Amino acid sequence: MPSLSFSLPRGAAWREAAEAALRAALGPAAGFALFVLAWQAVAMSVPDIPTPGATWEAARALFADPFYDNGPNDQGIGWNVLASLRRVALGFGLAALVGIPAGFVMGRYAAARAMFSPIVSLLRPVSPLAWLPLGLLLFRGADPAAIWAIFICSIWPMVINTAAGVARVPQDYLNVARVLNLSEWQVVTKVLLPSVLPHILTGVRLSIGTAWLVIVAAEMLTGGTGIGFWLWDEWNNLKVEHIIVAIFVIGIVGLAIETALVRLARRFAYIEE
Amino acid sequence: MEKFVRIENVGQTFVTPRGSFVALRDIDLTVARGEFISLIGHSGCGKSTLLNLVAGLARPTCGVLLCAEREITGPGPDRAVVFQNHSLLPWLTCFQNVHLAVQRVFGAQESKARLAERTRAALDLVGLSHAQAKLPGEISGGMKQRVGIARALAIEPKVLLMDEPFGALDALTRAHLQDELLKIVAATRSTVVMVTHDVDEAVLLSDRIVMLTNGPAATIGQVLAVPLPRPRERVALSADPAYLACRAAVVDFLHRRHGHLAQAPSAAPAEAMETADA
Numbered sequence: 009m010p011s012l013s014f015s016l017p018r019g020a021a022w023r024e025a026a027e028a029a030l031r032a033a034l035g036p037a038a039g040f041a042l043f044v045l046a047w048q049a050v051a052m053s054v055p056d057i058p059t060p061g062a063t064w065e066a067a068r069a070l071f072a073d074p075f076y077d078n079g080p081n082d083q084g085i086g087w088n089v090l091a092s093l094r095r096v097a098l099g100f101g102l103a104a105l106v107g108i109p110a111g112f113v114m115g116r117y118a119a120a121r122a123m124f125s126p127i128v129s130l131l132r133p134v135s136p137l138a139w140l141p142l143g144l145l146l147f148r149g150a151d152p153a154a155i156w157a158i159f160i161c162s163i164w165p166m167v168i169n170t171a172a173g174v175a176r177v178p179q180d181y182l183n184v185a186r187v188l189n190l191s192e193w194q195v196v197t198k199v200l201l202p203s204v205l206p207h208i209l210t211g212v213r214l215s216i217g218t219a220w221l222v223i224v225a226a227e228m229l230t231g232g233t234g235i236g237f238w239l240w241d242e243w244n245n246l247k248v249e250h251i252i253v254a255i256f257v258i259g260i261v262g263l264a265i266e267t268a269l270v271r272l273a274r275r276f277a278y279i280e281e
Numbered sequence: 017m018e019k020f021v022r023i024e025n026v027g028q029t030f031v032t033p034r035g036s037f038v039a040l041r042d043i044d045l046t047v048a049r050g051e052f053i054s055l056i057g058h059s060g061c062g063k064s065t066l067l068n069l070v071a072g073l074a075r076p077t078c079g080v081l082l083c084a085e086r087e088i089t090g091p092g093p094d095r096a097v098v099f100q101n102h103s104l105l106p107w108l109t110c111f112q113n114v115h116l117a118v119q120r121v122f123g124a125q126e127s128k129a130r131l132a133e134r135t136r137a138a139l140d141l142v143g144l145s146h147a148q149a150k151l152p153g154e155i156s157g158g159m160k161q162r163v164g165i166a167r168a169l170a171i172e173p174k175v176l177l178m179d180e181p182f183g184a185l186d187a188l189t190r191a192h193l194q195d196e197l198l199k200i201v202a203a204t205r206s207t208v209v210m211v212t213h214d215v216d217e218a219v220l221l222s223d224r225i226v227m228l229t230n231g232p233a234a235t236i237g238q239v240l241a242v243p244l245p246r247p248r249e250r251v252a253l254s255a256d257p258a259y260l261a262c263r264a265a266v267v268d269f270l271h272r273r274h275g276h277l278a279q280a281p282s283a284a285p286a287e288a289m290e291t292a293d294a
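Taken in order, these protein sequences are the chains called E and W.
Note that my numbering has the first sequence beginning at 9, numbered continuously upward.
Note that my numbering has the second sequence beginning at 17, numbered continuously upward.
If we strip away everything but chain W, and leave its shape as in the complex, we get (with noise of 0.2 Å):
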């Protein structure tokens, strides 16, 4: 398979006013074309941190990153970023949201009537046509978040980065935007990486998971291939024994292994101690 992203034993190392803190270390990742991978972890393991590698919206403090063979060093539209606040812009409609990204990548190329159709495509993918012409303060939070992954996939990225997409969404509209998420990433064959903490969204849509152990100092703890064949359906696989077993690992890895008091490398002894007679 072909490998797309390259994270070849990427450190980030932070600087701050206490001395340097060491958020990630020997990251080493790929993932191939048309993979849907996630990262998943307890919060402050770095799983963000990682994102903006591969968005070049930070540069790491050792190692290198590629996408599809060349360095990354810096953000570029062949990597699609979905933020986990959406991240619209408030004074731009629905439309002159997605417009933007479109015509910063193909507006030298392309006729305005095309890159107005790119824009409608996009928005009807994530099914918005109705809603173009709103403001982002006039539609409910599933619906910014459509935007914002029409906005995503209208650019053409060959990656697609989401950095806990549905995370400030409420249960049944996270379930409906992952179950049109998977229809859109299946129609569109795109790669995509996800930042996640929860771990039924990282099982009904991943072929990946990749679990980060706990910060700081945080590196990839396992990488756990998810068997089940697509198109995946919610209510089916419910009960299936193979999307339980994944399940299971994934839990057993983030609440018996790395718990979230466990493997703190910077715990006094007295501490590390009693967590590891608990």
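So here's chain E without its partners, still in its complex pose (with noise of 0.2 Å):
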């Protein structure tokens, strides 16, 4: 520290730069091995437990191969996550095609939201695999009732958050829409929709995140591909390595998800005030 208080110019905001950067990274390293070393003490007192070293080796036969393919039950772990990836965009793209509309509505009109409030408050509690027999009932078939089970979880977060959002549009902007006499084509557009975005972003990252959560459920049950299938056949062939490989693939595809998500969500924040 105090050979930077009077470092030369040149040079100097790079190093500033590297040392910042370093103890950013420091917290985060020392917590990781932290983690390991416990894992270690679990797994050598443990014996079921793999090792973290026999997890990395696991983990690097399987991503050395991610995407082969032999015959439906057995498909690499690349495939399995674009397979459950799949479902989730299916079935949260269409909650959002449903649950923003709703929610938008529920927000404006309050007719609507003393009708459907009730019903929403009721179902959101429940978990969408109580969901999931209907699904089979409906679409007979494991991929349809996934996506149905998707669907349902979406929709609850879109639907309050759009609706919370509509809501609490500041009474001024709705003010000078009235005073311009916009119409409500216009209200919508110009007003509510930049004012009421930010909310919906929000509905969507809990949304995919619940999603992300459920699928693996879903596929659990539903069986057939998908990382929660994976995951539950590799339990079923006691390959212990794998399900904690599969435990950090799912963590960190949501992640990612959430990573993304909340980068839009900022770009689209517009400045208050």
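Rather than coming from a laboratory, the hints here were simulated on the basis of the structure.
The model shown is predicted, which means the values in this text are computed figures rather than measured ones.
Note that CB positions come from ideal geometry on N, CA and C, so glycine has one too.
You can take every hint at face value.
Facing chain E, a subset of chain W residues (Cβ under 7 Å, in silico):
1. 91
2. 97
3. 107
Take the two lone chains, each set in its own frame, and fit them into one complex as the hints suggest.
Given below as structure tokens:
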């Protein structure tokens, strides 16, 4: 630190940036080291749990060829992750198509709010897996039933956040809209939508987060393909290393989705005042 | 003189969970074309409520309001409003904020080029041509308020309604914008109704000052004509006897005859006695 305070101009900025990056990485690195150490300790006392080293080897073997395909029940981990992501995307996309307009109507019209908000309150706490049998019954297939469960779990945060956002549009903006005599279409596109967009994106983030949690469980039940199915399959094969790899893969994918959405949300957040 | 805005026997009562609340009663006021009127009173006296009635954002419980001989039944482009907190849409640039209003009022009859020209002219009028591409979050409070004024003037309203337009600004910026407003009003011959709680602002800008009694059930206590010739100049006026007399009359009304605690009809008898003694 003292050397920095009177450092020469050339190279100083570079060194400062490098030190800042190092300091920022220090905390997470220490945390990870501690985590791996604890894991190693557990693995040494419980023989069923694979050590970090064994898991790392298993992961390297898996990711050497993530996209092999030996028939429907034996596919690479890459295919399984993609299958799960596809289901999440489909279920979530459908939920957005229905949920965002529904939230808009509920936020804008008190009558719609009075009618539907008790139903939403009643159904929201239900685990989406409880809807899975209905999906199997309606669509007669494991894949659409899993998408259906994703649809159900994604729709509530989107309806609720959109409705709350619309209801919370500042009265000033609505007064502007009234004074300028904007048409209902202009009120929606120029005032409500931009104002509600950050709330919608919060709903989207919560939805995708839940969807990614639910898909693993749904696939364990429906089977076929997907990271959840793969994880359960490896449990049946008693390949515990693979289960731990799957846990990390699920975590990393979830983190990537979350980070991407936070970036997106920041782009659309307008500056207040 | 032409009676441009007429407020006849207007009262406003709000229904609250704790019973009805009379905000305004027996308001009678006419505003001539080209006149600058200030509504002044202590906070909570209902002056903004009165302005909202003229704007059409609320309907009176009794009485009638007319603008150019037509009853006011809702907001309309003949009455533009400048809000206290500017109320620009933060996701639109200054240009787009003004253009939204222009397009709504003139979009049906005029070409796109003409609409853009109107928008630019309005921003030019308030001296903000250089900031037209900026978002409201990127400019100062005074500039935002000027965009608000540009938006209101751009639709060529019959009446300009201003709700404490400079209340949120610092004293120097406020003085600067008051001077600008004097020039703009002189150039556009606008009819203005402005709510304020600033005595100097009211005297400097107004042709008549309408003083409201304290709420609840506020009404017009006194109307003071300001006989100062225009154009008015802040520095020259500060020692002008007529200016000082007007100022004294408003201060007297606000602080001696309608001091904050006096004349509250709902006050308990003991409390009313106390203030009567004071």
